[in-house]
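Novice: Each chain, written out:
Number of protein chains: 4
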Amino acid sequence: MRRSGFFQDLLSTLFERRPWRGTQAPDAPLETLCEDLLGGRGEISGMRIGAAILDAYRDLDADGRRRFFAYLTEDMDLDADAVEAAAQAYRIDRNAKTLQTLADAAEPRRQELLRRLNRLPGATAALVRMREDLLAELRAEPSFTRTDLDFAHLFSSWFNRGFLVLRRIDWTSPAHILEKIIAYEAVHQINDWDDLRRRLHPADRRCFAFFHPAMPDEPLVFVEVALTDAIPNSIQAVLSEDREPIDVGKATTAVFYSISNCQTGLKGISFGNSLIKQVVQDLSAELRNLSTFVTLSPVPGFTKWLGGLESPEAKAVGEAVTAALAGDTGQLAEVDDTLRRLAADYFLKSKRDDGRPIDPVARFHLGNGAILHAIHARADLSPAGLKRGAGLMVNYLYDGDRVEPNHESFAKDGAVVASSQVEALLRG
Amino acid sequence: MRRSGFFQDLLSTLFERRPWRGTQAPDAPLETLCEDLLGGRGEISGMRIGAAILDAYRDLDADGRRRFFAYLTEDMDLDADAVEAAAQAYRIDRNAKTLQTLADAAEPRRQELLRRLNRLPGATAALVRMREDLLAELRAEPSFTRTDLDFAHLFSSWFNRGFLVLRRIDWTSPAHILEKIIAYEAVHQINDWDDLRRRLHPADRRCFAFFHPAMPDEPLVFVEVALTDAIPNSIQAVLSEDREPIDVGKATTAVFYSISNCQTGLKGISFGNSLIKQVVQDLSAELRNLSTFVTLSPVPGFTKWLGGLESPEAKAVGEAVTAALAGDTGQLAEVDDTLRRLAADYFLKSKRDDGRPIDPVARFHLGNGAILHAIHARADLSPAGLKRGAGLMVNYLYDGDRVEPNHESFAKDGAVVASSQVEALLRG
Amino acid sequence: MRRSGFFQDLLSTLFERRPWRGTQAPDAPLETLCEDLLGGRGEISGMRIGAAILDAYRDLDADGRRRFFAYLTEDMDLDADAVEAAAQAYRIDRNAKTLQTLADAAEPRRQELLRRLNRLPGATAALVRMREDLLAELRAEPSFTRTDLDFAHLFSSWFNRGFLVLRRIDWTSPAHILEKIIAYEAVHQINDWDDLRRRLHPADRRCFAFFHPAMPDEPLVFVEVALTDAIPNSIQAVLSEDREPIDVGKATTAVFYSISNCQTGLKGISFGNSLIKQVVQDLSAELRNLSTFVTLSPVPGFTKWLGGLESPEAKAVGEAVTAALAGDTGQLAEVDDTLRRLAADYFLKSKRDDGRPIDPVARFHLGNGAILHAIHARADLSPAGLKRGAGLMVNYLYDGDRVEPNHESFAKDGAVVASSQVEALLRG
Amino acid sequence: MRRSGFFQDLLSTLFERRPWRGTQAPDAPLETLCEDLLGGRGEISGMRIGAAILDAYRDLDADGRRRFFAYLTEDMDLDADAVEAAAQAYRIDRNAKTLQTLADAAEPRRQELLRRLNRLPGATAALVRMREDLLAELRAEPSFTRTDLDFAHLFSSWFNRGFLVLRRIDWTSPAHILEKIIAYEAVHQINDWDDLRRRLHPADRRCFAFFHPAMPDEPLVFVEVALTDAIPNSIQAVLSEDREPIDVGKATTAVFYSISNCQTGLKGISFGNSLIKQVVQDLSAELRNLSTFVTLSPVPGFTKWLGGLESPEAKAVGEAVTAALAGDTGQLAEVDDTLRRLAADYFLKSKRDDGRPIDPVARFHLGNGAILHAIHARADLSPAGLKRGAGLMVNYLYDGDRVEPNHESFAKDGAVVASSQVEALLRG
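Protein chains in written order, with full-length UniProt numbering: chain A, 1 to 428; chain B, 1 to 428; chain C, 1 to 428; chain D, 1 to 428.
The shape of chain A in the complex, shown without the other chains (with noise of 0.2 Å):
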């Protein structure tokens, strides 16, 4: 039982709020209404300004986007004089004022912007979709990236972990959130409201979103749960439609089969790992009976890795799997231990310059601190789990006490921690 309801009730009001669309611009060249805001007209202005500039940036096209991102990476940049010259001050005399002087200085004009434009209600969210725009552009206008620092610089910031929400997601939730689920998922592709239900409504199934108070219509990261009662090894059977529930209470086992960032635009703000520990807490809270939390978690690097080996056996796995995809896995079946064999060595052997795995999932996981307990032939056998996989998935496992010193050894020289049975494959 809650004890208030009062505390719910702050975010209706942000929900409540008009937006700021609808707002009528000023009939300025954004340039123009950019200086306006940072000019100091003072907030009354301001939240007019603002509006009229994001109006605007909505309604530009691609080459419009490009030339105001470019505006706010060469006009609102800093002035490196500037802030060397009170850099020397400073030196000379460490006081409020110099460093106040520094820290104007130092910091790009295009902040400030940003954090004036944030200041309307709902401007976040169109922040963030301004950020997905710009990061389209780095490839073609690598310059850009310095405009980008700032916006991860205040992202940041604004999406701290102290501020955002964790919500469970299942199927009384609303219908506008879940069908951004739909849309979001990542990893094992939903294909309808009835797939949709499958994973959401059995009682031994979970789903569990963080939201920023700011945009409380935008999941920016969840994650499926599994309640088992054993470590599945294949999404096939976590999947099944036929499938029996199991008895909740009796639930040994959390399988967290999906994990899926909802929002381009927060790229390389991370909430993944924040969000599995949370979930771990709150589970093992209200299920007494579980012991074992792990995923069950693709390999998507692994096939591309493969074609680079010339071995007879990455030959023949390459042609099993090509059979498999065209609907025939017999093949793939009779090379199950050499696959298994061959992605130990792709986990624990072979590495990127940096000496951290090649999988990016396995950086994800490892990085958090669990290890790598059991892998999988056979265990995703859709057509996107083999071509990227070669049907091979993976459990890592978080396991409380060890999950620091895991963490902390890979942080240190990317050491890979992997169960006995998985060490077990590279001698196998």
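Think of the hints as simulated: they come from the structure by calculation, not from any bench.
Treat identical chains as interchangeable: a pair holds within one or across any two.
Below, computed lysine-lysine pairings styled on BS3-like, alpha-carbon distance capped at 25 Å:
| id | residue 1 | residue 2 |
| --- | --- | --- |
| 1 | 304 | 267 |
| 2 | 277 | 180 |
| 3 | 267 | 97 |
| 4 | 277 | 267 |
| 5 | 412 | 97 |
Using the hints provided, position chains B, C and D relative to the given structure of chain A.
Specialist: What follows is chains B, C and D alone, placed relative to chain A:
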């Protein structure tokens, strides 16, 4: 009727989250913990170390706090040489890497420390209290102002207007919020719960507060409003215990008769202006007959200013106030006109060095775009009202279309816009 | 902005209460359990026994249910002799004791049984389903109608208008409620979630439902509303997939185009009238320009009535409908005028034995005080619309001041109030 | 973490609904209005007429109310002849029609009147107040008891346990609820808001209340609970202002030290038993170490019973109480053993004519299945505690598995189950 409760639920999680208290603190000096937190042992250890820092800080005595602030100010400062070098490098080659280096160098390390502390649930309120402690030391140790700059910078980002939530406070509000309203009321003291009830419960009374989602138990600023059928000329009339509530549907005037900032630790982060504007907007939408939005405000700087005058009039007023404080308001009644004329002088002709009015409340409302509408003598006969303002109160009028031009002209050159009746006093 | 969340929280407890399922059922025949429950072993055992009864009932097959209903009807009936004796005693000495004896005697024992079952959390919904089962048996076993009287009597008390809660249903509503809207829509079928979205999400569409606090997962009745700038003359226009939403602020007309009762087990407990009135009131308060409240209603009894006519016109219409059902609406277009004239006859001149209109939808809206405003041909070309109503739809108009007199004159003698344009059809 | 907020929202609508006040009342005598309401002018006029009746009733003086109750009792009674005839008809031919006729005849017309009044928003609370007025007249006019039977019958249906909502009351609860807790506390007076805070705010204190969705502003019954590490032997210890809260996680004992019914108008509709059981269930689920659920209860009938004794012991006790009331508790200290022995007599051997204990609190808890666990002298030294119970308090223990057999044996023959230490007092 609201559309959905999902959004209100988001906050409940914030509220229900285990706070950082009660964490077992690692047994290490505070400075070591701070270095550890910045040292990148990652988010896992980070939460534990952060909790230890906040725990340890809470247990410090005054000396300990000063040592900690000195540590933040000196040891966690930026390195001016590094900034200079980075600025030079960026001038020569403006790219993301050189910019990132410069940004890192130019930010005192304490900023990142505060940001990481803020990841803990409940930490925002703890940091606001920490700054309250810091502010109390600034007079004795001005160098700490450098640290305060970083607090102010971060708070201004975290307490961005776009993140704030407006809530009506009334007699159905939670008691623990209401006891804070009693405690924080800074203008016209609330004596007890019965007094509070008289301010909140009648249909023609309103109270609104801003909250931040990460501090849902703490109002940031609140305003008390009386709905009336005329602009009031004394606080006695507004707060009278026997008055009859009016029919709200017929109210023409919303009187903002008390605005209180609640968090000393958020000094300089301005909420009052936004609050007034939002409340004007909301009340307008709710009550169609409302057309006048006006304050009934104290004149806190008047008596001090008067004390600096040497005219016989000033002396007579001074004596009348002394008598009134002793319980005899007869003399005060005789100097009504004098007082109002002097007040017109005080507001319109006497200025600070920067050309702004002496009165802080005047600077606030005129800066927001209000005009000085009327001056009332014997309008606040409480001891505080007599001591600070010789019993004077004034109305500042927020007049929709004129707010923006008023604000801009005041922002430009400190021009005080007053009604013709106030202007006339000067010529009286 | 709402005043408080406390009240909303109340319901959460209902929702969170452990339901009666899962209770270990005492191993006794259903009839014994019922006697035990009435036997006054008090509330403690009562909850356990009640749960056992509901569990046991749920597991019955059709035969078992019929035996149980027979038991309720015969064994749990009142004793007419006892009533007679008690009535005599009360006539002789009218006091509380004799009255209590009479009241006890005159109430079939099954009423108290149902009341005690209803003490269990979640039992109300179970009893509504039980009555649904019962209603299905009435035709085969009319004696069960006596038991149904007691269900109806209690439900009418429990589902008292004063206990119902109106909720807006929109795209932010919980999915498990929305899937029931899809399932329960009885007038214009909702094909899938996309179709539902088109009905709920556009700004100019509304949906409202009544709920009972003890069955928060089950809508009782809901109405779908289109906000328009004119009275619509066909459902195709209202539900068109390509239509552009209109500016809600400018909407003049609220069109109730579908009203569906959701709970078969609540048959005869009327909610529709209250729902329409409450929605009219709420929409009026929200949208100031709304001045016309009108339905777009089917004419479900028309085709059957038409089949009883022998005129050449009737025959021509019949053939046109057959052609339209086969995909060719050409003929139908030619009999528009005929159809509308026949419909005027159907509504205004043809009556049931009790003097009321033949059409059930007409009886509902005219009984609520609406007038028959307009008749449209080719207004519903769906198979259902053609089969039941020959493509006809009509508008019933709810005209504020005239609702009460309309209602009373209809209640008195079945007088059908129609607009002059409908009246004119008769003379056409 | 809760699953959804939709359900909580349902109630908000109840709260937001315009109440029946303010409706313009038709200008007709109250009796005429009642006949109109029953006369079937339908729901539309019904709401208006119902509001007029409640308005008119509210404005009645005491004489007017008595006339109205006499009207309900006599004019709105049933017709015994009609009942007799209907019973005969039903005996001869048991069908739905004859049963309906009998049911209609056997129900006093005032029942349907009350049911129709209850359709108005807010009417439930008004009807509860009406019954409160009625109860106050019963002694003077016993015939009104016949009307009271109908109120009681309907309330027992409307306030069915299945419709009630349990809410925790704490320092974050709405002030307007808390002021009612202060007002309604019937056992140990709450002096002011500070006193209330001491009862609600500490982590080792709890308070729970039942609410009905149709009266969300009014608690029906509430219980105050202290979480302790031992069974307390005096209220002074429980309510001491200086006590240190204990660590709730280590609490072994939940002490129900005050249970108050709030609504006089709901007399005879028992909530206390359900409340205790629900709270035991909820606290058990929350706090795993709780194993003892016990009351600390007053002994309100003791002093009066003692006054009827003529033994020297009884006299000595009487004098000690008189001295204690005058401020000197020395004598009382000397009769501790005597008092406890007498109390054992009072509870275990002295009975009412119906064989039940004299003490009403004992009848309540023993009837719920508790046992008399311990008797404490000088356990409530407040004036009320001394006057009613000579300073005695007792613990009733709710012992999970034994509650049901205890309840049944008490229900059967009034057997008082006591602990061996209490039994021993008899032999002392």
